[in-house]
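Protein chains in written order, with the working numbering: chain A, 36 to 360; chain B, 452 to 743; chain C, -1 to 321.
Take these hints with a grain of salt, some might be off.
[Said to hold, decoys possible] Using C-beta positions, here's what the derived DEER-type ranges look like:
#1 A:Gly200 - B:Leu472: 29 to 35 Å
#2 B:Phe575 - A:Arg87: 36 to 42 Å
#3 A:Val205 - C:Arg120: 28 to 34 Å
#4 B:Ala574 - A:Leu333: 21 to 27 Å
[To be verified] A short list of chain A residues far from chain C (calculated; beta carbon distances all over 12 Å):
#5 Val60
#6 Val273
#7 Leu345
Derived by calculation from the structure, the hints in this document are not laboratory data.
Ideal Cβ placement from N, Cα and C applies to all residues, glycine included.
Each chain, letter by letter, is given below.
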Amino acid sequence: MALFLIRRLIQSVIALFVVSLIVFVGVYGIGNPVDILISPDATPEELRRVTRVLGLDRPMWEQYGLFVVNALRGDLGNSFIHSQPAIQLILERFPATFELAISAMLLAVLLGIPLGMWAGLRPNGIAGRTIMAGSILGFSLPTFWVGLLLIMVFAVQLGWLPATGRGETVEVLGMRLSFLTRDGLAHLILPALNLALFKISLVIRLTRAGMREVLLADYVKYAYAKGLTERRVIFVHVLKNILIPVVTVLGLELGSVIAYSVVTESVFAWPGMGKLVIDAINILDRPIIVAYLMVVVLMFTVINLAVDLLYTVIDPRVRLKPASA
Amino acid sequence: MKIDTPLRRFAAEFSESRLALIGLALCALLLLIALFAPLLAPQNPYDPRALSILDGRLPPGSGGPEGMVYWLGTDTQGRDILSAILYGLRISLGVGVLSAVFALALGTVLGLLAAYFGGRTDAFLMRAVDIQLGFPSILVALILLSVLGKGVDKIIIALVIVQWAYYARAVRGTALVERGKDYMEAARCLALRHRDIVFRHLLPNCLPPLIVVATVQVAHAIALEATLSFLGVGLPISEPSLGLLIANGFQFMLSGKYWVSLFPGIALLVMIVAINLVGDQLRDVLNPRLRK
Amino acid sequence: MAAILAVEALQTHFFTREGVVRAVDGVSFEVAAGRVLGLVGESGSGKSVTGFSIIGLVDPPGRIVGGRIRFKGEDLVGRGKEEMRKLRGSRIAMIFQDPMMTLNPVLRIDTQMIEALQAHERMSEAAARARARDTLGLVGLPAPDERLRAYPHQLSGGMRQRVAIAIAMLHRPDVIIADEPTTALDVTIQAQILFEVQRLCRESGTALIWITHDLAVVAGLADEICVMYAGKVVEHGSVDQVLDAPLHPYTRGLLESVPRRNRRGARLRQIAGMTPSLLDLAPGCAFRARCQRADAACEATPPVAEPLPGRSVRCFHPTVERA
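Build the full structure now, drawing on both the sequences and the hints.
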């Protein structure tokens, strides 16, 4: 077990380095950000001065080396536009994105698994078919479109929920969170649902597919032959087997949720990292882009590692070696 | 007695789902619309001379010059939404399908080669695939577009780079299984050229999962392109896809002029759902584990 | 001896897209307490479906369409779901073919045994665990405490099947249906399992229905044999009667196709032809296409003839020479 962990850690660190290199080359190597920051009729001296200040005249590998050294110290450069440390800007907005992402994942699990189980148990009933049809929609609709629809229906037409923005926040463990206030919760529901819809559909389909496969398995028939109640068979025998692939996928999807929050944050004007990054891309504010990517990549690596660990806990076949006769 | 060929059996099983057949019909319809958009549209929305700015933001059903009816309303520039949708469908479908085709070609070749030659080639390729698939496609697309800039060709390149990994992984998995089978051994014994073995023997047997991945990916590509255009990093204004149309109409949602965003949105929805319906049934039919 | 289980003219049909499959088409037999009945037939003969019909676990699109299954005098066909659940595992138990597939891979052995106990009796976990341990000792499994804490994949095939037998014996059922329980095991383990099962049934008075395609297995184990072909019982009798003096040409063919030790170089015998598909069974004797004794009379379905009490055959031209 320990060997496995160490190996995965080393792999993760290598992956981080590779990605940082790619990101760096891709972002810093192409195009010239100076052009955006200076008015078109700047003198060549001003151009050179800004270039020097921003360190853009050094050779590429030197820039990268400096970048890595600074990164390890936690300094990813200052935003070209805001003149504040990029990492600080990103981390300030991290709690908002994180809160949104976690809420979406919770919704995906709490709604997706029961609905998927139902669709798997009674595939030909009205409820089962509706759930599957709904999941196809949820899967196909681009997130931004659903967001628009949600705003139109719940905010404009019905007026039940606020359309944009984040509600009141409360400080918890140094982070500002909004789901603990009523107003905060009201603002959180629509964006979280929007972000979650794709995942809910995914979970429903995975769960249902798992149900269909597992229900045909011999051990289910055998469980009935032992005289177990349907309840026990479904909720213990079947569920545990289904959870394994679902949990794996969900774990990996957490990173994807954080990435797609970019879209939801744009639609709902949610003050998270995503909105910051989109603007940064449009004006080529590279430190912000790089800081965002590094934070996100770090999170992915950590999440993937955690999922691997979780997997060994849930599936005993992975953890324990089979005995020889 | 009816001769039961695999193709016929496949068609019969596919047709079991009415929804899938509806999806297939819709896809065919959309394809036709996309091809003949200039002929079908009552107005060419990108010809400034055909537009009358006075007709801007009209609700659906309003009348226009020369007895033309704006069936779905107009946008701020006086463009007929219906025409814009027809042209937009063309671009969205075109970009989606083209990028999927290129990604399929690239991914398939790489996946086959990795599986066939094995060893270091395989390990290297799979590392690359894993790293790339570890990132959500939108993130990869954003990075690429921030580097490449705007334009139809850049979007297609970005989409191809995002997608090839899915194809490569699917093909490699199947190819690895097939590689161990007897007919491959036989082909090697006959000392056929590598090229022949890979493309004439291995490839046809790897098709089923490839087809499934392809349908899913086309829908995914279309949705991704729409999302990117909506965020403002996608196609330029001169060639608006449905995503851009929706984005343009976003600001009017809150003031009640829903039609500018809603109808392009519905068109996008129908397209993606139709493709997914077909893909769903394909997956069920081609999945060996569900066969009793 | 009164029969504890009596199957009368059982019919279980599968209503598929391609047509009706008459998997079990008029099967009758009885088992008395403490006796072993061997239900013999090749794949597709309907023997497994018969077993599932008795315990009420026929999967759709199949269902019992006719006949009766009398357990202690009461008919099981048409009984309510909850009533059948109470019988399953406690009064009528079943052992499946492949224990790797029948034990849930993600649950521990003790979990799977304790739940089988608690499904039918109110008992504490400690009491259930003790009972499970004792039963594991009964089937000859060494170090039962360790086995209880293990997962199925940590045990060998023979051990897993012993666990399955133990689970079947937990409530001291009246009938155990064993569906090819040794087919997936090594030959040496097979013998051990057979021995254990035989001993247990004799000691506890449990009736045993042993479903198999292997005549050699039933020869040493069963008291009576039922031979099935294409959904019908074609011959029934005591093990000596059936194996020494088979009446049905199919039974005779089966016996003759067993490779014998003392005829080196001689050609192996086999029954010509293949098992018919149960989908478009023509009326009449299903075996006639492969039978050398068939004639025009066999185009009608042969009725059950009972030359002696407890001895029956479904054939117009039964063989009378000794095998």
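Quick rundown of the hints versus the structure:
Taking 29 to 35 Å as the suggested C-beta distance range, the pair Gly200 of chain A and Leu472 of chain B does not conform, at roughly 45 Å. Taken as a hint, the range 36 to 42 Å holds for the pair Phe575 of chain B and Arg87 of chain A, whose Cβ atoms sit roughly 40 Å apart. At about 48 Å, the beta-carbon gap between Val205 of chain A and Arg120 of chain C misses the expected band of 28 to 34 Å. For Ala574 of chain B paired with Leu333 of chain A, a C-beta distance near 25 Å keeps the hint of 21 to 27 Å intact.
At roughly 45 Å from the closest C-beta of chain C, the C-beta of Val60 of chain A stays outside 12 Å, upholding its exclusion from the interface. Some Cβ of chain C comes within 12 Å of the Cβ of Val273 of chain A; the nearest lies about 9 Å off, and the non-interface call is violated. No beta-carbon of chain C comes within 12 Å of the beta-carbon of Leu345 of chain A; the shortest separation is about 14 Å.
Consistency note: the structure conflicts with the earlier hints numbered 1, 3, 6.
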